[in-house]
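Trainee: Assemble the whole structure, with the sequences as input and the hints as a guide.
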Amino acid sequence: MEKIIYDKIDKQVISAMPRAIFEGRIIVINTAAEADKAVDYLLDQPILGVDTETRPSFKKGQTHNVALLQVSTHDTCFLFRLNYTGITRAIRRLLEDTTVPKIGLSLRDDILSLHRRSDFKPGNFIDLQKRMCELGVEDLSLQKIYANLFHQKISKTAQLTNWEADVLSEKQKLYAATDAWACIMIYEELCRLEESGDYKLIKKVEPINNEVNV
Numbered sequence: 000m001e002k003i004i005y006d007k008i009d010k011q012v013i014s015a016m017p018r019a020i021f022e023g024r025i026i027v028i029n030t031a032a033e034a035d036k037a038v039d040y041l042l043d044q045p046i047l048g049v050d051t052e053t054r055p056s057f058k059k060g061q062t063h064n065v066a067l068l069q070v071s072t073h074d075t076c077f078l079f080r081l082n083y084t085g086i087t088r089a090i091r092r093l094l095e096d097t098t099v100p101k102i103g104l105s106l107r108d109d110i111l112s113l114h115r116r117s118d119f120k121p122g123n124f125i126d127l128q129k130r131m132c133e134l135g136v137e138d139l140s141l142q143k144i145y146a147n148l149f150h151q152k153i154s155k156t157a158q159l160t161n162w163e164a165d166v167l168s169e170k171q172k173l174y175a176a177t178d179a180w181a182c183i184m185i186y187e188e189l190c191r192l193e194e195s196g197d198y199k200l201i202k203k204v205e206p207i208n209n210e211v212n213v
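Residue 175 in numbering that gives the first Met the number 0 sits at position 176 of the sequence shown, and the numbers go up by one each step.
Simulated from the structure, these hints should not be mistaken for lab results.
Just so you know, even glycine gets a beta-carbon here, dropped at the ideal spot from N, CA and C.
Careful, some of the hints might be misleading.
With a straight-line cut-off of 25 Å between C-alpha atoms, the simulated SDA-like cross-links for lysine to any residue are [stated by the list, open to error]: (1) K155 / Q171; (2) K129 / P45; (3) K7 / K172; (4) K199 / K155; (5) K10 / K155; (6) K120 / D43; (7) K36 / D74; (8) K129 / S105; (9) K172 / L42; (10) K152 / D35; (11) K2 / I25; (12) K155 / D6.
Here are the simulated distance ranges between beta carbons [to be verified]: (13) R115 / R191: 33 to 39 Å; (14) K170 / Y198: 31 to 37 Å; (15) S154 / D43: 14 to 20 Å; (16) E133 / K59: 36 to 42 Å; (17) D35 / I125: 23 to 29 Å; (18) P121 / E188: 21 to 27 Å; (19) I125 / D43: 16 to 22 Å; (20) K202 / H73: 29 to 35 Å; (21) I201 / N123: 31 to 37 Å; (22) Y83 / Q61: 17 to 23 Å; (23) T62 / V99: 18 to 24 Å.
Mentor: Below you can see the structure in the form of structure tokens.
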């Protein structure tokens, strides 16, 4: 069955969709030793979804370092608490690895944020925004892309919470894991559509303003 994709999608349409939730394991990484084991596991996987979170700033001129690096497989997501561990040798090995594709969204921003913590050479990162642009899609947020492809919404209510909190809430952990996992889902669906050609792009018609200024 041909999949319909839209170049633009309304937030009101998304709000009525059922919620997409990561249902796998979520493992929080607080130490360098835990990071070593997690990276060994991740680099043995065929594909990874990645994202980062930074504590929001509500004062002009105030900035924070990236606090969380979330890396997901199809069924397990590791949350690296960089505000505790920093970029360890193992985490750098993960970021520089060229064998396992690491899928993300707006990766330039994520990589720049990670670079502020430590220098590394990014290896085998694939940005979903570029791939979606090639299909003719214009709304390129993770929430809108996922809704466009799967007709489900990703909640963003935890986005502006404190990612440097002593203990991450269940809501924060689920939000972070879902974002990273969703990148894998989107990428695999994009590959399927590109290979099969079994989709149709619909251009959203903008309303015409018929008012006449006098």
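Trainee: Taking the hints in turn, state whether each one holds.
Mentor: Hint check results:
1. Pair hint K155 plus Q171 holds up; C-alpha atoms about 10 Å apart against a cutoff of 25 Å.
2. For the hint pairing K129 with P45, the CA-to-CA distance comes to about 21 Å; that is within 25 Å, so the pair holds.
3. Annotation: proposed proximity of K7 to K172 is violated, straight-line Cα distance about 29 Å (limit 25 Å).
4. Restraint check: the Cα-Cα separation between K199 and K155 comes to about 28 Å, which exceeds 25 Å; the hinted pair is violated.
5. For the hint linking K10 to K155, the alpha-carbon distance of about 12 Å falls within 25 Å, and the restraint holds.
6. Pair hint K120 plus D43 holds up; C-alpha atoms about 20 Å apart against a cutoff of 25 Å.
7. Distance hint between K36 and D74 is fulfilled; the C-alpha atoms sit about 17 Å from each other, no more than 25 Å.
8. Proximity of K129 to S105 is assessed by CA-CA distance (about 9 Å); at most 25 Å being required, the pair is judged to hold.
9. For the suggested pair K172 and L42, the alpha carbons sit about 22 Å apart, so the restraint of at most 25 Å is met.
10. About 34 Å separates the Cα atoms of K152 and D35, which puts this hinted pair outside 25 Å; it is violated.
11. Our distance criterion of 25 Å between C-alpha atoms is broken by K2 and I25, whose separation comes to about 31 Å.
12. Of the supplied pair hints, the one linking K155 and D6 holds, its CA atoms being roughly 21 Å apart against a limit of 25 Å.
13. Between R115 and R191 the CB atoms are about 36 Å apart, so this pair conforms to the stated range of 33 to 39 Å.
14. A C-beta distance of roughly 34 Å is found between K170 and Y198, which places it inside the suggested range of 31 to 37 Å.
15. The hint said 14 to 20 Å for the Cβ distance between S154 and D43, and at roughly 31 Å that hint is violated.
16. The hint said 36 to 42 Å for the Cβ distance between E133 and K59, and at roughly 38 Å that hint holds.
17. Hint check: D35 to I125, Cβ distance near 25 Å, so the stated range 23 to 29 Å holds.
18. Taken as a hint, the range 21 to 27 Å holds for the pair P121 and E188, whose Cβ atoms sit roughly 24 Å apart.
19. A hinted range of 16 to 22 Å holds for the C-beta pair I125 and D43, which are about 19 Å apart.
20. Distance hint for K202 and H73: a CB-CB separation of about 33 Å, consistent with the stated range 29 to 35 Å.
21. Evaluation of the 31 to 37 Å hint for I201 and N123 yields a pass: the beta carbon distance comes to about 33 Å.
22. Hint check: Y83 to Q61, Cβ distance near 21 Å, so the stated range 17 to 23 Å holds.
23. Checked against the hint of 18 to 24 Å, the pair T62 and V99 fails, with Cβ atoms roughly 31 Å apart.
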